Amino acid sequence: AVASYPEEESMSIFKKKTDEALAAERMPYADDGSTGTMADVEAVMKKYDRESNVRIWEGTPRYVVMGLLAVFSLFCIAMTLWSKALQEVALTSFLGLIVIIGFVTYPASKNHVRPNHIPWYDMILMVLGAGSFFYYALNAMKIINMSVRIGTVEVIVGVIGVLIVLELCRRCVGVPILCVVGVLMIYAFINIMSSGGGRTFAQALSRTVYNLFYTTTGVIGTPINVCYKFIVLFIIFGAFLERTGIGDYFVQLANAVVGRFSGGPAKVAVVASALEGMCSGSSVANTVGSGSVTIPMMKKTGYKPEFAAAVEAAASTGGQIMPPIMGAAAFLMAEYIGIPYAEVAVKAILPAILYFTGIFIAVHLEAKKLGLKGIPREELPHIGGLLKQAYLLIPLILLVWLVSSNTRTIQTAAALSIVAAIVVGALNPQNRITPMKVLEALESGARGAITVACACAVAGMIAGCITVTGLASTMINGIVALAGNATILGLVLTMLCCIVLGMGVPTTANYCIMASTCAPILVQLGFPDVAAHFFVFYFGIVADITPPVALAAYAGAAIAKSNPMKTGVTATKLAIAAFIVPYIFAYNPVMLFENVDGWWHVAQISITAVMGLFGIAAALNGYLYRHIHWTLRLVLVAGGLCMMVPGTLTDVVGLALVLAVIFYQRVSARKDSGPAVTA
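Residues 73 to 751 (the numbering used here) make up the sequence shown, in order.
Keep in mind that the hints were calculated from the coordinates and are not lab data. It should be emphasised that the depicted structure is a prediction, and the values quoted were computed from it without experimental measurement. From the three backbone atoms N, C-alpha and C, an ideal C-beta is built for every residue, glycine too. Be careful, since some hints might not be right.
Mimicking PhoX-like on lysine-lysine, the simulated pairs with C-alpha atoms at most 25 Å apart in a straight line are [unchecked claim]:
| no. | residue 1 | residue 2 |
| --- | --- | --- |
| 1 | K440 | K645 |
| 2 | K376 | K645 |
| 3 | K638 | K440 |
Across the chosen pairs, the derived CB separations fall in these ranges [unchecked claim]:
| no. | residue 1 | residue 2 | range |
| --- | --- | --- | --- |
| 4 | V595 | V231 | 30 to 38 Å |
| 5 | V552 | R449 | 53 to 61 Å |
| 6 | G598 | I421 | 20 to 28 Å |
| 7 | I455 | V199 | 50 to 58 Å |
| 8 | Y193 | A498 | 43 to 51 Å |
| 9 | V418 | A710 | 28 to 36 Å |
| 10 | P412 | V572 | 26 to 34 Å |
| 11 | P412 | G694 | 43 to 51 Å |
| 12 | V231 | L459 | 58 to 66 Å |
| 13 | S181 | V724 | 52 to 60 Å |
| 14 | S181 | G694 | 41 to 49 Å |
Work out the full structure, taking the sequences as your base and the hints as a guide.
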């Protein structure tokens, strides 16, 4: 069938089917295969996602704002590549500009939006906020020399700067992270007041402001430093890479590879999201980007709306753990752990593969249970035509090579990859990059930087409060004492902390909070640094699919016209690997390429982990060759968990249990009156 279609015609058929799936307006879902429009997605995102509530600029003001944001991106590229400015000067200048473009972009609420309008009070807040950071930048040496003896003016400037950053964070990130920092700031103030020495209210306020605003352990701490030096450049790189058409290429490539198999569209969603995750830092963006194509196709194939949306949400959330970008958290992790960024990316490979393998297995079992077929070959793009477009991968390959070879700094590698993306985009006839697209990419990069920078600034304050008050030691001692020798209890308690603290918080800020509060707990319990940081990172990001705050699931539900809460629950079940894999590498750091005895050691752990995931996925799905009785489902869970525990004996026992159920299912299916079903 494929041979009868020229490459161009095959790809045009796929595009036609995609366009049909996304055609104009549709009625709300009523078991008729209909899907939501982008307007539905935008409505849901404006309700749940702060980043979607932006000002509307039209006409000339639109181009003025676009130019302002583009200049900011160019400023960041130039500063990170060539500036030798003092850290305090560079970071405060960066945050001053973030305040300006932040208030230009985000209104006080979604009800305060009308075209080409910014209220007077926002103008005042913008000037005061930016002015406080620029004041610090212009008087940096003077303030540094003053140390803790800052004057009244510096205290007022610091209070204004902190409050404006918190307000901007509320607008673009949300309230949950403000609740955390608010409680910690009050705690820090009380701690300073009661620490002895007869401090007055003014003295305690001065010391608190100094710690939060004027030191490198507060607003301008490690998170914002990493954001300024690395993350912004990679956000800009991702914006340019998107303009090359690589997202559509990944979807078509996934269709060509796995689309013809049973339940093809769902497997396409998993593979495409894994590929897109390599260059994206947003689970919501991944869900909307590839989900607008894959979710309608899944529903057309026969998947329920909740399941279709959940597959895309779970797979897109996995993009946050997919190297090399990892939602930009890889750079922060390298800074906290003290190892090269390239090493962090390598260590993330195997857990990420296991995560997507777990979802792929669940999707396959669901397809077999429903008896779903794949996409007809004649409707799929031809692999030959896609190979001709493989040059779209050059910027990503160049980035990985430059970073791993250590021949260039990370900043230079990102800048060269941006140039490569522009060149590649110019060569792509189907989605050729133009000067306007370059401007749009610079604008998009700046918009993405606002949220990340605000979240990192607030995360710095959180880390500063924890450090100054010694709260981290208190939490560590409490959990260690509670867990005792039961390290599994310590892991469970840490997992719960991560999920709660990570709700509604962007990936980068999420990890900053976890690295400051939860990772030291695991280190104190005896787990290696790398395993501890990966553990808290994994459980921090699952908030994107874990109800009640599950933005990726809500985005998928808007496209599928499904129940958001049911979608979140289903996505959590599909992403069971995200809840299991961290425990594996916590007890077996070999999966992170730590303490490796040889390749066979890694292979053994990988194979048993996959089999364990298969057993648990089959138990949750309730189907192999036929429906599984609940007692056998318990046996599968037991077998799967046994293979998660390090040790040859537990691996053998677990494998025996899973294989026994598989054998029994196969024999039982053959005895059925109908023809045997293959797994």
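For each hint, the structure was consulted:
| no. | hint | verdict |
| --- | --- | --- |
| 1 | K440 - K645 | holds (17 Å) |
| 2 | K376 - K645 | holds (15 Å) |
| 3 | K638 - K440 | holds (22 Å) |
| 4 | V595 - V231: 30 to 38 Å | holds (35 Å) |
| 5 | V552 - R449: 53 to 61 Å | holds (58 Å) |
| 6 | G598 - I421: 20 to 28 Å | holds (25 Å) |
| 7 | I455 - V199: 50 to 58 Å | holds (57 Å) |
| 8 | Y193 - A498: 43 to 51 Å | holds (44 Å) |
| 9 | V418 - A710: 28 to 36 Å | holds (33 Å) |
| 10 | P412 - V572: 26 to 34 Å | holds (32 Å) |
| 11 | P412 - G694: 43 to 51 Å | holds (45 Å) |
| 12 | V231 - L459: 58 to 66 Å | holds (59 Å) |
| 13 | S181 - V724: 52 to 60 Å | holds (59 Å) |
| 14 | S181 - G694: 41 to 49 Å | holds (45 Å) |
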